[in-house]
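**Q** Taken in sequence, the protein lines are chains A and B. This note's numbering puts the first residue of the first sequence at 661, with every later residue one more than the last. This note's numbering puts the first residue of the second sequence at 5, with every later residue one more than the last.
Take these hints with a grain of salt, some might be off.
Label pairs and their in silico Cβ distance ranges [to be verified]:
| hint | chain 1 | residue 1 | chain 2 | residue 2 | range |
| --- | --- | --- | --- | --- | --- |
| 1 | B | K393 | A | E792 | 38 to 48 angstroms |
| 2 | A | G877 | B | L11 | 27 to 37 angstroms |
| 3 | A | E1084 | B | K304 | 36 to 46 angstroms |
None of these hints come from the bench; they were simulated from the model. On a predicted model such as this, the values are computed, not experimentally measured, just so you know. Glycine is no exception: its CB is placed at the ideal position from the N, C-alpha and C atoms.
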Amino acid sequence: MRYNQTEIKKGIKLHTINTEKFKTNLTAVFLTTKLTRENVTKNTVISALLRRGSKTMQSQEEISKTMEEMYGASFDCGIDKTGDNQVLRFYIETVNDNYLPQKGENMLIMSLQKIFDIVFNPYIEDEGFKQEYVEQEKNNIKQKIEGKIDNKARYSLDRCAEEMYKNEPYGLYRFGYIEDLKEMNRENLYEYYKELISTCKIDIFISGNIDETICQGVENDENIQKLQEREPNYIVPKELNKPLSQKENVITETMEVTQGKLILGLDVCIDKEDLRYDALIYNSILGGSANSKMFQNVREKAHLAYVASSSYLRYKNNIFVNCGIEIGNYEKALELIKEQIKDMEKGNFTEKDIENAKKGIISTIKTIDDEQDTGITYYFGQELSQSEISIEEYIKRIEKVNKDDIINIAKNVSINTIYFLRGEVEEKH
Amino acid sequence: MQVIENLKVKEKVYKEKLKNGLTVLIIPKKGIQKKYMIWGTHYGSNESSFIVPGEKEVTNVPNGVAHFLEHKLFEQENGINSLDVLTALGVEANAYTTNDHTAYLFECNDNFYEAMDELMDYVQHPYFTDENVEKEKGIIGQEIMMYDDYPEWRVYLNAMQAMYHNSPVKIDIVGTIETISKIDKDILYKCYNTFYNPSNMTMVICGDFEPEAILEEVKKRLIDTKASGEIRRIYPEEPESVAKSRIEQKLEVSTPLYAIGIKENVKCDQTSEKNEIIRKHIAIEILLNLLFGRSSNLYKRLYDKGLIFNQPSLEYEFTNIYAHILITGQSNNPEEVYQNFKNEVNKLKQEGINQEDFERIKKMIYGGYIREYNDVQDIARMFLSDSFKGIDSFDYLEEIEGITVKYLEQILNDVFKEEKMVISIVKN
Chain A
661 MRYNQTEIKK GIKLHTINTE KFKTNLTAVF LTTKLTRENV TKNTVISALL
711 RRGSKTMQSQ EEISKTMEEM YGASFDCGID KTGDNQVLRF YIETVNDNYL
761 PQKGENMLIM SLQKIFDIVF NPYIEDEGFK QEYVEQEKNN IKQKIEGKID
811 NKARYSLDRC AEEMYKNEPY GLYRFGYIED LKEMNRENLY EYYKELISTC
861 KIDIFISGNI DETICQGVEN DENIQKLQER EPNYIVPKEL NKPLSQKENV
911 ITETMEVTQG KLILGLDVCI DKEDLRYDAL IYNSILGGSA NSKMFQNVRE
961 KAHLAYVASS SYLRYKNNIF VNCGIEIGNY EKALELIKEQ IKDMEKGNFT
1011 EKDIENAKKG IISTIKTIDD EQDTGITYYF GQELSQSEIS IEEYIKRIEK
1061 VNKDDIINIA KNVSINTIYF LRGEVEEKH
Chain B
5 MQVIENLKVK EKVYKEKLKN GLTVLIIPKK GIQKKYMIWG THYGSNESSF
55 IVPGEKEVTN VPNGVAHFLE HKLFEQENGI NSLDVLTALG VEANAYTTND
105 HTAYLFECND NFYEAMDELM DYVQHPYFTD ENVEKEKGII GQEIMMYDDY
155 PEWRVYLNAM QAMYHNSPVK IDIVGTIETI SKIDKDILYK CYNTFYNPSN
205 MTMVICGDFE PEAILEEVKK RLIDTKASGE IRRIYPEEPE SVAKSRIEQK
255 LEVSTPLYAI GIKENVKCDQ TSEKNEIIRK HIAIEILLNL LFGRSSNLYK
305 RLYDKGLIFN QPSLEYEFTN IYAHILITGQ SNNPEEVYQN FKNEVNKLKQ
355 EGINQEDFER IKKMIYGGYI REYNDVQDIA RMFLSDSFKG IDSFDYLEEI
405 EGITVKYLEQ ILNDVFKEEK MVISIVKN
């Protein structure tokens, strides 16, 4: 496997991952822009509008037929927040030519043409998006935003992040806000699209069986050629060095749920990039695996939960502890979770725990080469944080973390927000 | 070992049935670091009434035993939990229970043989006590409650309730708080001894291995067990009709969820021609995409009207005792989606299938089958679940070529019957 990157123009990069392991080729285009209250909803609507049609495939139906004709190429797009940025992601996956029943078709070149066409060459009428598409997508986005409540576990995490980052970009809901939709029309959305496309960071990924000429092909593509160079408008994730929060922010909300969802948002205050590896191990011991304190003590010993875990978000340096519990057990569970966090600080974990955590993380890192989309996500993460660490180097850094390093992280962890979603009535089963 | 090669996807599977009755499938993947091992028993939530080989009396057990066993097998006599051991090895270990099988698995890069030691050890050495069985009821109880809050799960289960009168597919795989309260260690041992005999099990290994060598490694780790006779599985009689045409449940959701089900008749003792089930499966996949796929008229019409805002999932589920189609999605007006779908089915029956659309969808489905061979996990799981259905997964790639418009039209008329359709809705 070989990874390469080329700057096509300032702010626009082509990344290639050359590998023969897969039956498929995967192409991706990521548009990265600052997450702001002003633009968060617009970006979601733009992402939805782009998949409605391009100049050469003017409707969803035409895009779908094209993809089906390409042996079921799958076209996907999505939007998410990565640190303080919003990323519009587009993917096309096609079957590698070696596995097609007829020879002579070049699916990779075709998928690149199609993905550029969809992202950079949208269907436009009279200086605006198509009226009908705009109305429909505004309506769809409204439903999507309203859908926030459907998955209670996900909702609780979102709510905890909102409370924890009140008035900060990261506290924004990733799909935006219903009230923003009113002001949007086909012209001002197109104006915004032009602004976005000329200022955002653009990363193009190709993973698969690639021949040398592909880079030239990308550079010569007419949709790529018409893009201007830019000083990309995005935020490089930085280490957090703010004072530990002194007060825990406690929020309880009610909804129709059978099981209570308890989320703790923790700040991890670290001032050096290197400390992220220590934080990763800290999280793994606290709640990152089946060997973790959360899983062992909250689930296996106290039987308080089925889900009892934690995850570390390196772009924001925080940890979310996540538990589904019986509503009546709130106090008990909270106390037990806090005990686990204190235990970390006291160094109540073993060399074996550290060893296990390292093995788990290293094993995950090694699979990056074996999964096309994970590979792309990894190199994009490196690109965003402007660090160029090879997989080998990453593993080395994980390996050298020791107990003191982890305790040092534990001392710089504090509970910022406790969020509890509970039902109306306390039920005992 | 029997070697089956598929030239389309350029993969091979090595197959061996051992003396103790265990079936082993090995799919070598050169150059891939990930390795996957899965060991399954042909035993899931469908089996709650059966005759143990050698016995005369029927054994009836509470719902949820297969899943309960899945949880409990990890616990060892020395107090160690095998999941901890596997996790400590840096491997990704898990287990799951479906309607017709239970499986134990791990995925790893390093420490494959150590993990194999542990997996094969714990699956072959159950250890149940009154105390450890009681403890598990608390954890599974939380799991059941978690599912109660998943609208996707509710809408699915209600669709089963609507289609079926008696079939075990209508019960929740995990059981209920009430049924699991009746489970004790004797029940667990009885079910374990019956269904975890090697002759009722299949193992699949996928990764960069030499097939002969890895088979020897498997044999070394097997304890001495004799193949048992056939387990008589007793399933309730299922009428052809649907139980209820419609079920609605209230849950706090933003947009209603719907599941349209189409029940098919399956005779338990049906001996159909080899691969007929595969051809039918492919035909139904093509039909569903023609009717409601991303490029279909129905999809376009409902999308433009704002009745749907994403692609509904289109599935065909089947075992030896039931088969049905499921279309699930979200809409502000599920009834209208349902009515439009029915109309579209009638229209297709009357107007016939367009050759061009058919060829295009066929290409798409072919590409989808090829893509399933990317990842060791997908490959191993596919071969395992297909093997319990008596299917060789490669045959999908071979059979698709022979599917014709005429055959599709026959399946369309046989399976897509209005009186066999139900709808389940979850809304505020």
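**Q** Any of the earlier hints contradicted here, and which numbers?
**A** none
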